[in-house]
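There are 2 protein chains.
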Amino acid sequence: MTIPDDHPRRDSLLSRQRIVDAQAAGLLADSALIAHGRGEAFDYLIGERTTDSAKAAQREALNRLFHAKSPVISLNGNSTVLAGEEAICLAALTKSNIEVNIFYRTDDRMRLLLADIQKKRNKVIETPPSPKIAIKTWREMVESVRIYGENPDAEIPGLHGPRASCSSLGIFQADVVMVPLEDGDRCEALVAMGKQVLVIDLNPLSRTSMRASVTIVDEVSRAIRQMVRMALHGPSHDLSDWNNRTILEDALSEIATAVKQLQR
Amino acid sequence: MTIPDDHPRRDSLLSRQRIVDAQAAGLLADSALIAHGRGEAFDYLIGERTTDSAKAAQREALNRLFHAKSPVISLNGNSTVLAGEEAICLAALTKSNIEVNIFYRTDDRMRLLLADIQKKRNKVIETPPSPKIAIKTWREMVESVRIYGENPDAEIPGLHGPRASCSSLGIFQADVVMVPLEDGDRCEALVAMGKQVLVIDLNPLSRTSMRASVTIVDEVSRAIRQMVRMALHGPSHDLSDWNNRTILEDALSEIATAVKQLQR
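One line per chain: the protein sequences are A and B, in this order.
Add 3 to the 1-based position in the first sequence for my numbering, that's all there is to it.
Add 3 to the 1-based position in the second sequence for my numbering, that's all there is to it.
No lab work stands behind these hints: they were computed from the structure.
A few of these clues could be false.
Since the list gives no way to pick one copy over another, a pair counts as held whenever it fits inside one copy or between any two copies.
Unchecked claim - In silico SDA-like cross-links for lysine to any residue, where the CA-CA straight-line distance does not exceed 25 Å:
#1 K263 - S216
#2 K263 - G187
#3 K126 - L235
#4 K72 - L172
#5 K263 - D55
Work the whole structure out from these sequences, hints included.
Here is the structure:
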């Protein structure tokens, strides 16, 4: 499919194509396509842009990654496909590790996703995200990001079956976990473990959005790309009181306002 | 998957499961799942219920089917899977024919969908939708519904490739076409042929919604089920002036209001 460079919905259509291609290649569960469609609709309603409240949440999430003892970015199928490169950059800049962790775990999908993220890492390592970072330094930063997920050897308490699996050196021991596009049950279980849970979810009313420590209501690749830009400047403030409820209300107001503007 | 009878989102979860199962069985294109997900999000925002403006549009669409010379209900993959039985009932009550017509046409999918609709017809024919209709009468009504789609022998002007295909005795010659879940290009091309085009689309801002003669902003199975109930009483009014633009504005207002209520 060719999409003109100036198509107003180019990013959205490219993301859709990536998801369709990845599903055809066996990287994603069927439910991944439905979840992507739901996201598309919410993104459409907020105007396919990063809102002010989402920016505030990105800043907060970023600071928590910077201040964490052992931060982990957990990638599921859709976030690996849509924002794997951005996530590796962000991990390198915030000294986080990555865990590929999918809800409907199968060996085939895990193998394909781990190969995909390695390929993306090999691409990212070639180009620093800013001319201020020397190529050699950047290589070291990216190389220091561990990628877990191949051999899950721990379980998230309160969950059952394959969805409970995680890595003892990854999610299990992390104090701060960023989980773009997380399932509601899993988000709750991670919060119950005492972790700070940072999520990216276009539906401000989802259980994941409601339970997370910090909710970024934004499209996953746009959000992480923006966080990478912010991360180049380091942490922007000390950890502050954070009212996630207010952020979700702001996000809903923004959707309501956007819908009203669409009426004109 | 078992969903409790009293689950507040039971219908939505059952529909999702139907779509996932049908995709696994080869009845649907990948894009069908994404489209379903988009629909889910909009349905969520309108509260998964039929709004007053949707009811008005259903009544109008129904009257147009009743007053048509040669009405056809066109079913794509998702609408066959989600609302095939309801569509057959509606066709029987309004003396419409059915055409199975998919945008990304492959012989395999067409064969599976035609088998599915026949199976649904065999089920529907057993039980009249109202005790006022005798079983024998109902059998005749359902048997008189022709199902086209197997041998497309005509083309919709202005479209190219498989998506232009249709049946000369079905969509091609119809004066009124009901096309739940139609693609924007196809909707436009059908309007350009001078047909009245009745669509069901959860996104009031889609090109399909904007171009249709009558747009029902509602979930497809809920909408057609409601139209079947209405159809048992026959046409409810003479054909009236119909301002589809107003209906779309009402639908958007309803979404905006629903989002505001969700904030409380």
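Hint check results:
no., hint, verdict
1, K263 - S216, "between (30 Å within a copy, 23 Å between copies)"
2, K263 - G187, "between (29 Å within a copy, 23 Å between copies)"
3, K126 - L235, "within (19 Å within a copy, 63 Å between copies)"
4, K72 - L172, "within (13 Å within a copy, 70 Å between copies)"
5, K263 - D55, "both (18 Å within a copy, 19 Å between copies)"
In terms of the numbered hints stated before, the structure departs from none.
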